[in-house]
Amino acid sequence: MSEIAIQATEVSKRFRIYHERNQSIKAMVLRRRRGVYEEFWALKDISLEIPKASTYGLIGENGSGKSTLLKCFAKILVPDGGSVSSKGSISALLELGAGFHPELSGRENVFLNGAILGISSAELNRKFDEIVDFSGIERFIDTPVKNYSSGMYVRLGFSVAINVSPDILLVDEVLAVGDAEFQQRCANKFQELKSSGCTIVVVSHAMEMIKNLCDHAAWMEHGQLKAHGEAQDIIEMYLRQVAHNTGEPYVEPKPEPEPEHIAP
Amino acid sequence: MAERAKGMVIHVKTLKSNELAAARSLLVNLTLRENRSKYKRSALGWAWSLVNPLATMLVFTFVFRFVFGIEAPAGDPSGLQNFGFFLMCGLLPWNFLSAGLSSATASVVGNASLIKKVYFNRSVLPAASVLSANTNLLVELAVLSLALVVVGQFVFLYLPVAVVVIVLQMFFVLGIGLTLSALNVYFRDIEHFLSILLMLWFYATPIIYPITQVLDNPRLSAAPIRTLYLLNPMVHFVEAYRAIFYHLRMPEADTILYMFLSAAVSMALGLWIFHRVEARFAEEL
Chain P
1 MSEIAIQATE VSKRFRIYHE RNQSIKAMVL RRRRGVYEEF WALKDISLEI
51 PKASTYGLIG ENGSGKSTLL KCFAKILVPD GGSVSSKGSI SALLELGAGF
101 HPELSGRENV FLNGAILGIS SAELNRKFDE IVDFSGIERF IDTPVKNYSS
151 GMYVRLGFSV AINVSPDILL VDEVLAVGDA EFQQRCANKF QELKSSGCTI
201 VVVSHAMEMI KNLCDHAAWM EHGQLKAHGE AQDIIEMYLR QVAHNTGEPY
251 VEPKPEPEPE HIAP
Chain D
1 MAERAKGMVI HVKTLKSNEL AAARSLLVNL TLRENRSKYK RSALGWAWSL
51 VNPLATMLVF TFVFRFVFGI EAPAGDPSGL QNFGFFLMCG LLPWNFLSAG
101 LSSATASVVG NASLIKKVYF NRSVLPAASV LSANTNLLVE LAVLSLALVV
151 VGQFVFLYLP VAVVVIVLQM FFVLGIGLTL SALNVYFRDI EHFLSILLML
201 WFYATPIIYP ITQVLDNPRL SAAPIRTLYL LNPMVHFVEA YRAIFYHLRM
251 PEADTILYMF LSAAVSMALG LWIFHRVEAR FAEEL
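Going down the list, the sequences are from chains P and D. According to this note's numbering, the first sequence holds residues 1 to 264 in order. According to this note's numbering, the second sequence holds residues 1 to 285 in order.
Everything hinted at is true.
Listed next, with one range per pair, are the computed distances between beta-carbon atoms:
| id | chain 1 | residue 1 | chain 2 | residue 2 | range |
| --- | --- | --- | --- | --- | --- |
| 1 | P | Glu130 | D | Leu138 | 34 to 40 Å |
| 2 | P | Ala206 | D | Tyr39 | 41 to 47 Å |
| 3 | D | Thr212 | P | Ser121 | 45 to 51 Å |
| 4 | D | Gln81 | P | Gly35 | 56 to 62 Å |
No lab work stands behind these hints, which were simulated from the structure alone. Yeah, the Cβ is synthetic: ideal placement off N, Cα and C, and Gly gets one too.
Based on the sequences and whatever the hints tell you, model everything.
Next up, the structure:
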């Protein structure tokens, strides 16, 4: 049995859906309560083992709890029941460039963002050139990031997050950034991380990408684990279900034909 | 409930020393962010942090010294008698408290997007706000010390004591900042409440008047008023700063004890409240 990177044991997460919310003391005193809310279980008894050095895909429809589970892994949310334990450092790509300060330069923001992601300044100093190279925006590194295009912004954020060499990388739907070339570079980087023993957990609706990248997958539905196992099988099951729900026939995906003409 | 406690235990276990190092590095970086971005794109830059207290000093000196005729006491044993210096010794630590608390209170709510997307030690946010305000205090005190040296007050003798007082005040402010920033997530009233509290607190502290005006005042001689007045930790902090910079003497022993106690109580309360509620920040924001 291989080592476990993340172990989730009967993880449950409850959210409050507020119908009326009293965020001031006056309203709270007058109504004698903090608000009227319904409880909603975003996750119910999820037990999952993610083996070390595996690439794990989380799939399912919108609102099925994939992102909530990922946030529990990242320790952003604390489960209301059960527990999550993990081995090694975690880097979460939930939003690129989270914490960038618009008035500061790209260089200053690399250090700030790195610190937010939990990297020491010594390590950042060592990796700085690599990060800037990867982002491909050397020329603008001393420009305030508010003058960046949205593409440049996410490229820099992505470069910081991916070059921190975490033991566990959590990715939420952020792979579709940058142009085709940058996406290719990201895909290569993922392969590189994978072969260096990094555990990657991906939440995505891009089935092709999950199929190419992941060896394992888990399918979530209404906050519960529907199935988990080999990525190929799970994705096929999921796509069959989707086809069944929409009433369209399930088409066996064909391998993509080779392009006939490539412009020189 | 027991299950929840189990989850918490595991979270605490994963808090290792490298996480502490990461929190420290984050604290430094966030403080730098506040300091750097504060005066970006302003022509005077850092000079603004000196212009502001100078302008206040001129206004207050005019109103309270010349209009109301409040006399500054003579420095004992320094012999210095100057309302401007007397005022600044109380105003600078007050400004630190006021600026530190205001920005710390807003710090958690203001960084909501960060809290929802990245895991890091949340108490770093109010701590960075307080540290940033503290840097300001250090710069201002350095300028004040220079000015005092120019008029012949050699304040450097008591510099080590000043460091102790500054550190104690920093923890005092940080403890309240932690409490207010956490409560502000649940009740946004805290920010409004704070501005009223600060106004009352300002006049309850001997900044624009000497403390003797209260303690030796026959109209305020009732025991409960005196006790209540002396309960205010800022009275003791201001007295300590004045002793060091204005009078050129050691602060009284019970002043030091009281500062130490208030810093300890404030930090204990702040950490306790903050850690009780921080786990839910990501969903409450």
